[in-house]
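Construct all of the structure, not just a fragment, from the sequences and the given hints.
Protein chains in written order, with this note's numbering: chain L, 128 to 538; chain U, 63 to 468.
Hints are supplied without guarantee of correctness; some may be wrong.
[Unchecked claim] Quick list of simulated restraints, FRET-style, between CB atoms:
hint	chain 1	residue 1	chain 2	residue 2	range
1	L	A452	U	D153	34 to 44 Å
2	L	G335	U	D415	53 to 63 Å
3	L	G226	U	R383	51 to 61 Å
4	L	A168	U	D103	31 to 41 Å
5	L	A223	U	D153	54 to 64 Å
6	L	E498	U	H323	52 to 62 Å
7	L	A223	U	G305	54 to 64 Å
8	U	E429	L	R228	49 to 59 Å
[As the list claims (entries may be wrong)] Lysine to aspartate or glutamate pairs mimicking DMTMM-like chemistry, simulated, CA-CA at most 25 Å apart:
hint	chain 1	residue 1	chain 2	residue 2
9	U	K465	U	D351
10	U	K279	U	D427
11	U	K279	U	E431
12	L	K260	U	D415
13	U	K116	U	E100
14	L	K260	U	D186
15	L	K260	U	D103
16	L	K184	L	E194
17	L	K260	U	E431
18	U	K465	U	D427
19	L	K260	U	D187
20	U	K279	U	E299
To be clear, the hints were calculated from the coordinates, so they are not data collected in a lab. Using N, Cα and C, we set each Cβ at its ideal position, and we do this for glycine too.
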Amino acid sequence: VSRETRRVVVTGVGVLCPLGDSPAAVHAALVAGESGLAPVAAFATDGLPCRLAGEVKDFAPARYLGEANFRPLDRTARLAAVAAHLAFADAGLPAAARGEREVGLVLGTMFGSVHTISEFDRRALTAGPNYAKPMDFANSVINAAAGQTAIWHDLRGVNTTITGGSTAGVQALGYAADLVRSGRVETVLAGGADELCFESFLGYARTGQLCGAAGGEGCPVPFDARRNGFALGEGAALLLLEEAGAARARGARIRAEIAGQGSAYDPTRGADAGTALARAVRLALGGAGLAPGRVDAVAAGANGSVAGDRQEAAGIAAALGAAAAAVPVTAVKASLGEGLGVSGALSAAALLGSMEGGTLPGIAGLGEVEEGFPLPGATAAPHPVDLRHGLVTAIGLDGAAAALLLARWEP
Amino acid sequence: MGRRVVVTGIGAVTPVGTGREETWENLLAGRCGTGPVESFDTSAYPVHQGAEVKGFRPADHLVILDPAAIGRASQLAAAAARLALADAGLDPGEVEPERAGVAMGTTSGEPQEVEVFDDHYVADDLAAVGPEFMTRYPCHVIAGCVAAETGFAGVNVMIPTACAAGNYAIAYAFDALAWDRAEVMLAGGADCFSRITYTGFARLGAIAPDVCRPFDKNRQGMIPGEGAAVLVLEPLERALARGAPIYAEVAGYGLSCDAHHMTGAHPEGAGAARAMQQALATSGLTPADVSYISAHGTGTPVNDRLEAAAVHRVFGERARRTPMSSIKSMIGHTMGAASAIEAAVCALAVAQDRVPPTIHFEEFDPECEIDPVPNQAREIPVEAAMNNAYAFGGNNASVIFRKVRR
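Okay, here's the thing in structure tokens:
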């Protein structure tokens, strides 16, 4: 089997996000138009211009992984380790069934844990460097969640981390698919994880990118004319990717195929990200030899950013051409917030749910769009879809763009 | 079989020099770039040595970026990228920007930016935190700055796989070219000197009190450092067509994970051995073909011993006589930049049949039964060079460079 003929399939999905911990429950909640956004509970937001975020509430790793010592894992690592567990379970590939199989992990993340890093440094500053915690230092590397997840689940294959804001998860899925397609790995978990923490929340409050930062009520609704920034989110989502032949040989339920991917960069670091996204989408479609008109749905990474959403819509429209006028579009950050590294994998999971359930979620809370908005298929109401080809898109906060093409499995 | 990939340009900013030539000649000469830390006060620490890049003036290199607007790791990376393009004789304007990409590795990204945040935090002055925290800190800005400086608008990826990150980035770029996702790639790694990193390694008791002496019986630890290296990678056909200088071919790579411990290596070196074996297999080479190994060689008592054991596992009795040096003896451990700088060393060793020494070497350690190229560079035929790197998270990466054979 060569790179030309080897196919990459999704056989398991694990999600932990503000709307739940099972793909089916999350899909149902998204279709129902529910929102996981609420005033932040994890830390005080006094004096900050935004209080809204999407949190994974009452997260208890023991519920999934059994009673164990979770102290060596910070929140990002716990989220990732649980998402891996859920993906394996969904794929019918628990530890006992994995045996000696070498499983890889490609994790997208923005920060790893900037909270862990900052806390380690602050303790050294206040108590003296001799009192900094070695365990926190181990987790201060940005690949800590991937390393901890590998230890937890004995993942001895390729283990890598990709960082890059909200494109990281899409890039991680694309890279993992390439690793399978080229025969370097047979089985790999890919997706992303990021935690909500005070440090990043304050940081984004200071850039003015959080919803409501410029005053008034926060409106993090993607593509809405009233939008005024994003709400942060958090979570972990991992897809289990396998080479199609190997997946069939073990009798796996194949949920979809990863048919193409593309990524690109805007060297102005953000002014022209839409053009970069259009290139990424064309690469994703080109890789699969798919005409734009055959894209049945788009899961956009739009998050409520005034400029970013406009760029993303323009990029999608430019790449899809005439087909942009008819294609149904969703944007799950309306309900989940800007989960950074996890967001691309959550978009992919939403498309998988729509592929199986026949309904693409609407964009919760979407009212009027701007004049000239080029994607009329972006609506508050869900769309019935016969989803054979779904496109995930994402642009970063400073110039990155990535796209992933999912296809219904047809042997 | 994908397209063959070669190294056509090398840019580096290290504790022993700026640019390929200065860095390489100083490494061959065995110059030591470590010394007392100057960038922050270490009086509260039990150790005081570091490997800082001294006298680096980013404005001498950067054409597009304003050095004042970006963090130090981004400055180092963008400067190394400029140097690499110049070394490759490649005018960014000659390259189709959409087919030109960037893959960079790092351990900590821009840790100095979070250190500023932490200073404000402990001073109870969070009002002083401005927008620059989030515009300068997230580590993918390093790859972004390289793209901004060069105009490269294709694939752009930041791989923070800690102290093996440079090799991961090179592996990513190698695949991107082999699979025709790009026509030219800048690949490397960067890290800046960091209080956080220094504190962490000091707390692990891993920092040497005086100098770094990898594989020496009396080694006492590593020396944290900073730097950046960027390689220009392109398909062999393209390099030949434009008459580019070719240092070496990237023959193959192996990546694996110990899945054992966050900061300690696997006791039997199983993961490291798997990475080396995969690198050999994908390169179509055997241990007998490898003329030089660039060791991870941090200089800590345990790591060097386990690394030597892993090499024995793969190379058998050849492990004793295959030259295997650690330039960390000279430039310290430059974190995410380390394996990128070491990759440059491997490419140069292949190109020039010279290998750099492990300096400060005094006493052979029977637990590290290797040839560390003690104190003096050597002229030997280098058909292929293996670059080994190991990281927190149990991440192992080996990349092999070889002479171009047609």
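Consistency of the hints with the structure:
1. Between A452(L) and D153(U) the CB atoms are about 42 Å apart, so this pair conforms to the stated range of 34 to 44 Å.
2. Between G335(L) and D415(U), the C-beta spacing of about 56 Å keeps the proposed range 53 to 63 Å intact.
3. Checked against the given bound of 51 to 61 Å, the beta carbons of G226(L) and R383(U), roughly 38 Å apart, lie outside it.
4. Checking the proposed 31 to 41 Å range against A168(L) and D103(U) shows it holds: the Cβ atoms sit about 39 Å from each other.
5. Checked against the hint of 54 to 64 Å, the C-beta distance between A223(L) and D153(U) comes to roughly 57 Å, which is consistent with it.
6. The supplied range of 52 to 62 Å is met by E498(L) and H323(U), whose beta-carbon atoms lie about 58 Å from each other.
7. Between A223(L) and G305(U) the beta carbons are some 58 Å apart, a value that agrees with the proposed interval 54 to 64 Å.
8. Between E429(U) and R228(L) the C-beta distance comes to about 34 Å, which lies outside the given range of 49 to 59 Å.
9. The suggested pairing of K465(U) with D351(U) holds, with an alpha-carbon distance near 11 Å, which does not exceed 25 Å.
10. At roughly 4 Å between alpha-carbon atoms, K279(U) and D427(U) fall within 25 Å of each other, so this suggested pair holds.
11. Under the criterion of a C-alpha separation no larger than 25 Å, the hint pairing K279(U) with E431(U) is consistent with the structure, at around 11 Å.
12. Between K260(L) and D415(U) the alpha-carbon distance is near 45 Å, which puts this suggested pair outside the 25 Å criterion.
13. Among the hinted pairs, K116(U) with E100(U) is consistent with the structure: their alpha-carbon atoms are about 9 Å apart, no more than 25 Å.
14. Distance check on the hinted pair: K260(L) and D186(U) sit about 22 Å apart at the alpha-carbon level, within 25 Å; holds.
15. Simply put, K260(L) and D103(U) have alpha-carbon atoms about 20 Å apart, close enough for the 25 Å limit, and the pair holds.
16. Taking the CA atoms of K184(L) and E194(L), the gap is near 19 Å; set against the 25 Å cutoff, the hint holds.
17. Restraint check for K260(L) and E431(U): not satisfied, since their Cα atoms lie roughly 34 Å apart, outside the 25 Å limit.
18. Distance restraint check for K465(U) and D427(U): the Cα-Cα separation of roughly 32 Å exceeds the 25 Å cut-off, and the hinted pair is therefore not satisfied.
19. Between K260(L) and D187(U) the CA atoms are separated by roughly 24 Å; this keeps the pair inside 25 Å, and the hint holds.
20. Restraint check for K279(U) and E299(U): not satisfied, since their Cα atoms lie roughly 47 Å apart, outside the 25 Å limit.
The structure does not agree with the numbered hints 3, 8, 12, 17, 18 and 20 stated previously, though it agrees with the rest.
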